[in-house]
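Assembly of the complex is requested from the two constituent chains, each provided in isolation within its own frame, with the hints serving as guidance.
Here is how the chains run, residue by residue.
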Amino acid sequence: MNIRYAFRFISMGVFFAFVGLAIVFRLVSLQSGAPGERIGEVEKYDGVELVTLDPARGNIYDRDGHLLAGNQIIYEVAIELNAVQNPTSIALAVSNVLGMNFNEVLALASQDPEKVANTHVLLDYFVPYEQAVKLQALKDATDEAEDPGKTADGRPHSLRGLVITPRYDRSYPEGSLASNVLGFVRKDGISVHGVEEGLHYLLSGVARQTVVSADPHRALDLPETLHGADLVLTIDREIQGALEEILDAHMKTSGAFQGLIVVMDPRNGEILGMANSPRMDLSGEWNIDEVFAGQRSYNMAVDGYEPGSVFKIITMSAALDSGVVTPDTPFTDTGALQVDGWTIRNWDGGAWGPQTMTTCMQYSLNVCLAWVATEKLGQTRFYDYVRAFQFGQPTGIELARESSGVVRFDNSDGWYPIDLATNSFGQGIIVTPLQMLRAVSAVANEGRMVTPHILKSVVSRDRQYDVTPQYAGQPISAQTARVMSDMLASIVESESYTEMYPGYKVAGKTGTGTIYDSNLTNASFVGWGPVDDPRFMVYIWLNKPTSSPWASLVAAPVFVDVVERLVVLMDIPPDEVRLQLKAK
Amino acid sequence: MDTMRSDQTNNIMEKAIRYTQAYTQAPWRKQLRGIGVFLAIVLVLVLLGSLFISVTARTATLGREIQRRRQEMESLEYEIAQMRSELAVLTSAARMRERAEALGFRPVGPDEVLYVPVPGYAGKPDVALATPARTVVSTRPVISPAFTRSWVDWLAQQINAPVLPLADLP
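So the sequences go chain by chain: A and B. Quick note on the working numbering: the first sequence kicks off at 19 and runs consecutively. Quick note on the working numbering: the second sequence kicks off at 127 and runs consecutively.
Hints were generated in silico from the structure; no laboratory data involved. Hints are not guaranteed to be accurate.
Claimed, not checked - Not the full set, but computed from the structure, chain A residues with beta-carbon under 8 angstroms of chain B:
id : residue
1  : A74
2  : R81
3  : V477
4  : D480
The beta-carbon is built from N, C-alpha and C at its ideal position, and this holds for glycine as well.
The shape of chain B in the complex, shown without the other chains (with noise of 0.2 angstroms):
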């Protein structure tokens, strides 16, 4: 009876390994399978970093241009200030009367003048060194949107957006 019920027992474990053996993966698979993961997450990593590292260049590369072209803008602004001066020396009243008296003009006295009538002459223009204050500014915006909208907003652009012109729209 003992050796009878040994066997059963036997042939149960046998079943029980094969079964096992049969739906277990070979060990070497299991050991590629983890490399293979590692690996894909190295990949992964390595291409998350080359990125980061390829915006972060360009976000400096930007920054130094923007440092660089400020100094630029400082060193013009120096240099138009100091051409506006030299220009106003020689624009000056008395270079100018100089000048004039050179090329043989001289003050006109007021019996000398000519009055004419000018329709729509209202005399002269108030100097405008700047737009007035009060003019209404577009609103348009200087920067493209292609500059600053995500992809999902221009997806959601896309999508909303009429499939024809309205104007060719039958």
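Looking at chain A on its own, in the form it has when it is part of the complex (with noise of 0.2 angstroms):
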């Protein structure tokens, strides 16, 4: 070989010797050092881990955006044996921040991993925000110190193997309002009641445990967290809170058992608020057979009832959409009315002598209306409107455990002719407030029915999807329905609990039910206003009360005081001025 090549031979040889070299001391430094330290941890996982994927429930709101139910970091603190240090550390720090038992702790600390079945032991489930924050803190401390001093057995303080992992708990920040409709999660998760329950598919989220690679080259492989749907209610937080306070007022005054007041916009279903009593306060300890210990129902608006005589309205409506009567028809009421062997009578044994069908209506007379069902309507006609106005089918609300009512056709089993008297005027049938909201709403609404519902719209991937208004069909004629507008409002015109709110026409009916075998009531009160723009239609019941057995002493006051505040909080000028201003 040229001695002249021999330099660029040489020069080659020491080029790719000093690379080999270099490539080998990295080689060397990575598996030796700290990096390799770290790719030994994912090695002794296989590469893999097992990830839970956490869900976050998804919150709800009001229509303003008031948040009804939301999420609050809880925290779970665990000790991870393989990786403990210093038990006596843990135990000091464990027993100081979350005041758990020293020496329980440190026993448990000091297990060794190789003897237990589960080397995650876990210590608490259920550790609050602050206190997890003041454990990291110290936690973080400890391990970052240089000198984070020694133990009494000689060893260096250390808090590894001291695990604290953040998760979702439920969190209720108005506290008890709106609770019977919220309903709540309780401990273990589960869906209890309400629209936590009956929207719980679209509330929960996904949750799912996944092996995920550690390998970062494959870091885009961890699915998307598919965390819960936002709810945005038709609850109106001001209004929900005046009912309540009206409500517990006038649970007091009455003395009544339970206690209910529904709000429903009757020209698309919204329900604006539904307070009951008793109510449960979600965000602090709590009970639930405590606070509802003997109580029919946790929300009355979905419970089944003989609502009494709130029912001839459905019983008038048909008479007079069917054409058999009309508001000037006369009656003369003997008292008593026979039918199948039976005696009707009215709800003070007395014969209210000649009387006209709004007359029946405002003395709410038991005789007359069965006269109507079964001497005007007869059986085929009364039923077929029962069906029509969709009594004995649950409204669909989005809230659990509605229930769909007790109502015997007459092709069902069981149907006697006597059944026909007494559903007229609303005993022997069992329905709930809401389906009484929805067949009213048909008087209210120019004939047209409206389905309730709770949920205005669903947050879900950034995207807000409304819930259209449903009607659920028209049973009656929109005259019809103008006329028995007309006569219930004067009704409650001629009535003298209505002198509490001038200025605006409303209508409505009450209804008082026996309780079968006892001698309390059920007291009812429907009704809605203004007359001739309908904005609101409530729905009142009182089970039991005391102070009096009569709907038109015990629930028509509290009808006089929803409205009060309704009109005020919806921003309902007078009839007058109202009339004024659209002119304009």
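As structure tokens, this is what we get:
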């Protein structure tokens, strides 16, 4: 070989040798240094880890975007025995911050990981945010300190092995407000009652465990966490609060066992407020069994009962719509009507003499309405209207455990002719307040029934989907609805309890249903206003009032108070002002 | 005769050897060329390896960054949920009522309200927590084309692009 090329060969040889050595040096440094330790940790788990995708439960808002149910952080504190370096440090920290017994924690942290079935030892599943933050700060300070000090046994302080994992827990910032509408999520994650249970499938998101590679090249393999959808309810927080305040006051004065006020927009079926008594404060510690001991239901709006005379609206609407009576049709009340061997009597047992259909409704005469149903309408037409008003069918509202009520139709087993008479004034038939609202909305809304609903929109994956109001059919004509509205408005005008709200024309009807095998009653009221342009429809149900059994004395005053607050909260001017503004 | 024939043969052989020597590379040249080709291949392999390691290292770094950001995002989601809850407690109906009453406010009665017509006011709008589902979403790509197209695409675009903007054409 020519000597002049030797230098080139040697130079290249040195160069490649240098490159080779550099590669080897880097390999050794990676393997033995800090990166090597981390790679080793990954290798320990065969390069994969089990990841739990913890979806946040969807928030629930009122119609103005106020949070009614949300999430807060709660922490799980555990010990990973494989990583523990100083059990005493862990026991000291946990006992100081969480108030747990030092010796018990020390015993748990000192276990030999080789001799236990599960090296992940759970200490507390519900550690509040503040305590967890304190514990995490202590852990960070100890792990990062150059000289963390030593425990009595001479070992350096270390909180390695103490694992603080966040997770979501349900929170209810409004306390007891609308608690009967919302329902709640138990500590074990089970949703119970209300929207929480009824729309659990939307709220819950998709929780799953998946094996994820620790390889950074596959970082995008981790599937996206599918959080629950947020819900916007039709409930108005201000109206809800006012209803609960009014209901609580009347529960005291009436001595009722349970109470309900529902306010619906009769134009579209949106539930604006739904107050129940009793209620639970969902923001604190509670025990449903104590709060609802002996109570009939968590939310009376979806519970069935014999509504009493409010059902007369349905009977009279059917009779007017089928043309068998008019508001002025005469009827002579003798105080008793014989049907199938049974005697129907009025609420006071008296005979009210010559009446018209309007006064029959005004004085709520059972004998008159039973005569209308049995003598004028007949069973086929009466039950056809009951079907058209959709009694016996749930409204489909987004609340859990809605009752469908019980209606014995004329072709059902166990139906007797007396059922026709008693059904005409709301006895012997089980309906829910929401079914009554749906049916009576036809009277307030030109003959068209609306479907009560409480879900306004769903927010999922950054898109807001509005719920379209549904009409539930037209059981009566617009003309019948107007006549019936005027009839009920004149009844309210003639009653003494209307003196409280001058300037607003409202329609309504009381209902006192007797409770089987008891001297107590169910007092109800359904009313709406303004009659010419209905903006609200109110349903009141007081279960077992003790101050008086009559709805006109215990339920009607609730309606007066509700209307006084509603017209302000809903910006509804008195009729005269409203018509003037409309004319302009 | 035999001697003459043998000389001719030798001449021919010598010529052949001379020609062969004249047109054949020296052994050391062959050796040098072989080594050169081998080193060139090694050099190419080293360059390719370096390139691969460099790209892989950058990908791994970015992968780690994604994993870190994802953890950070998860942590922030928890924080947001907690803070949203705390804010809701502070602005709850009961708290607001307390604060209003402390400031001397009270609920207004129906007879105390003065109604004033406001032209164009259609009442409280519905709450919007997200984009309405029916809104048309812009189809403009979020990622710049520089990060998605190949250099061939870029070249084709440059070739096909007008020399002057259309507006500047005479």
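Review point. Does V477/A meet its interface restraint, that is, does its C-beta lie within less than 8 angstroms of any C-beta in chain B?
Key: holds, 5 angstroms
**Study point:** Interface hint compliance - D480/A to chain B, C-beta minimum distance less than 8 angstroms
**Key:** For D480/A, the interface hint holds, since the closest Cβ of chain B sits about 5 angstroms away, which is under 8 angstroms.
Check your understanding: If you take the shortest Cβ to Cβ gap from A74/A to chain B, is it below 8 angstroms?
Key -> holds, 6 angstroms
**Study point:** R81/A as an interface hint toward chain B, with CB separation required under 8 angstroms
**Key:** Given a least distance of 6 angstroms, the restraint on R81/A holds.
Violated hints for the displayed structure: none, as all numbered hints are satisfied.
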